[in-house]
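Participant: Given chain A's structure and the hints, the job is docking chain B onto it.
Protein chains: 2
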Amino acid sequence: MTTSITLPSACDFHLHLRQGDMMRMVTPKVEEGGVSLAYIMPNLQPPIKNTEQALAYKSELEALAPNVTFYMTLYLSPELTVEEVRKASKAGIAGVKSYPRGVTTNSDNGIENYEIYYPIFEAMEKEGLVLNLHGEIPSDAQKDICVMNAEERFLPELKKIATAFPNLKIVLEHATSKAAIDMVKSLGDNVGCSITVHHLQLIVDDWAGQAHHFCKPVAKFPHDRDAIRDAVKSGHPRFFLGTDSAPHPIATKEGPRSNAGVFTTPLVLPYLCKIFEEIECLDKLENFACHFGRNFYGLSQKAGFVDNKVTLVKEANVAVPQHYEISTTNADLGVVVPFYANKDIGWKIVSNFV
Amino acid sequence: MTTSITLPSACDFHLHLRQGDMMRMVTPKVEEGGVSLAYIMPNLQPPIKNTEQALAYKSELEALAPNVTFYMTLYLSPELTVEEVRKASKAGIAGVKSYPRGVTTNSDNGIENYEIYYPIFEAMEKEGLVLNLHGEIPSDAQKDICVMNAEERFLPELKKIATAFPNLKIVLEHATSKAAIDMVKSLGDNVGCSITVHHLQLIVDDWAGQAHHFCKPVAKFPHDRDAIRDAVKSGHPRFFLGTDSAPHPIATKEGPRSNAGVFTTPLVLPYLCKIFEEIECLDKLENFACHFGRNFYGLSQKAGFVDNKVTLVKEANVAVPQHYEISTTNADLGVVVPFYANKDIGWKIVSNFV
Chain A
1 MTTSITLPSA CDFHLHLRQG DMMRMVTPKV EEGGVSLAYI MPNLQPPIKN TEQALAYKSE
61 LEALAPNVTF YMTLYLSPEL TVEEVRKASK AGIAGVKSYP RGVTTNSDNG IENYEIYYPI
121 FEAMEKEGLV LNLHGEIPSD AQKDICVMNA EERFLPELKK IATAFPNLKI VLEHATSKAA
181 IDMVKSLGDN VGCSITVHHL QLIVDDWAGQ AHHFCKPVAK FPHDRDAIRD AVKSGHPRFF
241 LGTDSAPHPI ATKEGPRSNA GVFTTPLVLP YLCKIFEEIE CLDKLENFAC HFGRNFYGLS
301 QKAGFVDNKV TLVKEANVAV PQHYEISTTN ADLGVVVPFY ANKDIGWKIV SNFV
Chain B
1 MTTSITLPSA CDFHLHLRQG DMMRMVTPKV EEGGVSLAYI MPNLQPPIKN TEQALAYKSE
61 LEALAPNVTF YMTLYLSPEL TVEEVRKASK AGIAGVKSYP RGVTTNSDNG IENYEIYYPI
121 FEAMEKEGLV LNLHGEIPSD AQKDICVMNA EERFLPELKK IATAFPNLKI VLEHATSKAA
181 IDMVKSLGDN VGCSITVHHL QLIVDDWAGQ AHHFCKPVAK FPHDRDAIRD AVKSGHPRFF
241 LGTDSAPHPI ATKEGPRSNA GVFTTPLVLP YLCKIFEEIE CLDKLENFAC HFGRNFYGLS
301 QKAGFVDNKV TLVKEANVAV PQHYEISTTN ADLGVVVPFY ANKDIGWKIV SNFV
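In order, the protein sequences belong to chains A and B. Just so we're aligned: 77 in UniProt numbering is position 77 of the first sequence, and the numbers increase by one with no gaps anywhere. Just so we're aligned: 110 in UniProt numbering is position 110 of the second sequence, and the numbers increase by one with no gaps anywhere.
One copy or any two copies: either way a pair holds, since identical chains are not told apart in the list.
Pairs of lysine-lysine residues, derived as DSS-like cross-links and limited to a Cα-Cα distance of at most 27 Å, are as follows:
hint, residue 1, residue 2
1, Lys178, Lys143
2, Lys284, Lys143
3, Lys143, Lys216
4, Lys216, Lys178
5, Lys233, Lys143
6, Lys216, Lys343
Simulated from the structure, these hints should not be mistaken for laboratory data. Quick caveat: nothing in here was measured; it's all calculated off a predicted structure.
So that you can see chain A by itself, here it is in the shape it has in the complex (with noise of 0.2 Å):
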């Protein structure tokens, strides 16, 4: 039985770290978690929409967290241009994802058509910035789309998108569903799958109820998560870890209407040990979490950074934490309730970063 494991810091290759007192508090729990490297998604209130956006948002982040290497990414909407592009790689913005509402209003019959992002496509494949695809599409009753399906239905998407652009690296992100695991792995080279900790261990049974497991795409069926774990169980290069960690304040997941996320960011590397155990593949947890995805996306840490080292030890009575709260000084704005709080997940972080 495997009691300890040492593996390089991780990367989370899709990461929600917020604004204001929520991003102060999550920010520095990335490096608590195991994690070096952190791709930023762009959905900020007003969302990230060019360079200097990017880079400003970088350096608050930077100034909360030392320690880990941060990649930026803008949010695709009409407004995003050629000359963007170029500027935004010459900064070293990483990507730049794509919503299903971002695109509503460009849409034709309800179906994302992407084809008015094609010139935008083509610059970033030339400057060889990454495509993150939010891979749902809107539900729509008539054509019986609902959050059950709305990522299969987005499929035949995905795989014209990188037909199209054979050169643009592209990464459907947060995969719930077998459809999707197949599709990634019938596409070509240029195509990335992230998985985030959560799809690995719920299924639909699991937010039928239980507000805090209800994340958007939603948790599929049995045979879904079965698809998720096999990718991963069998080392399969393109999938990789992108935690999708999202916080929200506890009064908007406790109540009529809950909003969509799971927070995962302060025990990223213990969570995957104690998955990684139960489906029995913790020789593949490395790769998984530390090497496929910067293999990928061919990134590397800051200048003047090294990776360093976790060790985990498994060990009995490991509890989550019921919740961490938002401020320090102002308990008014509440906690936040992570993923799995309060049980025991049996792995815990003896040294970090070393």
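Facilitator: Using the frame of chain A, we list chain B on its own:
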């Protein structure tokens, strides 16, 4: 445009009225919703397993709602004997309800084995008692069974029982899937199907992150809702109203875990007018809500009671209450949030039980 409807007071063939303070709050609301005949589920704590318990509960309900005719059911469990079935029948008890969890200890490889109950079913067939089936099998990830397909996976069992006992009246309760609708249609006249208010209206998207829409069986795909609506629109006589109205204190709905259940009792007919108007079959409402269920069951009002009339009118700004207080004297017991709280449902009862 129809702006006024007069129909007989309705029959609710699947109702939870609880115990104690909750019972005292909910039971008088049966009449408020335009319902005069109610078929009561036995899942109390402890469950109603014999005739004495059922009759005692019936007396409590009658004292709270003297204008309503109550039909009682027993909870199917290994304790139920053929003698008790005969006794129940003589006492006017109308049916026996099977819950999936109630048979878990008598399961064979996780599939419910109803054959141990065949002597009971035979006695029920002879005595004219109805078998009410909660048609789901327990989730089992290894068999890819989850809340989204638990009903469909149960259907072969329904077919097996219906075929083995062609003269036993069986009701598949609260159908939520096209597969269930198709199965009931394909079976003989001994098989009926209750349909709730909320399953006529909800799909999986509606309970994703919305605690007050979470119920079991869960609402499913748009094509499943279409099939339920089509059964009603077609005027098929074996599909009838059973609300499964299930009140829960708000504290057990809004929180990290949410109890399953939607509360519709106080406004059953107004909700139905809204929905039947939207799906353009107001002409089918009376049979669905007043006649088809009674015809299937062969039940009538209690001695000395005749069917009275309910009149509803279409009106702007008919808001559903935000909540109902469980007790007028003890605020600590909290409130129950009804279906479509605070929303305009556009119809109200203007004369009731006239």
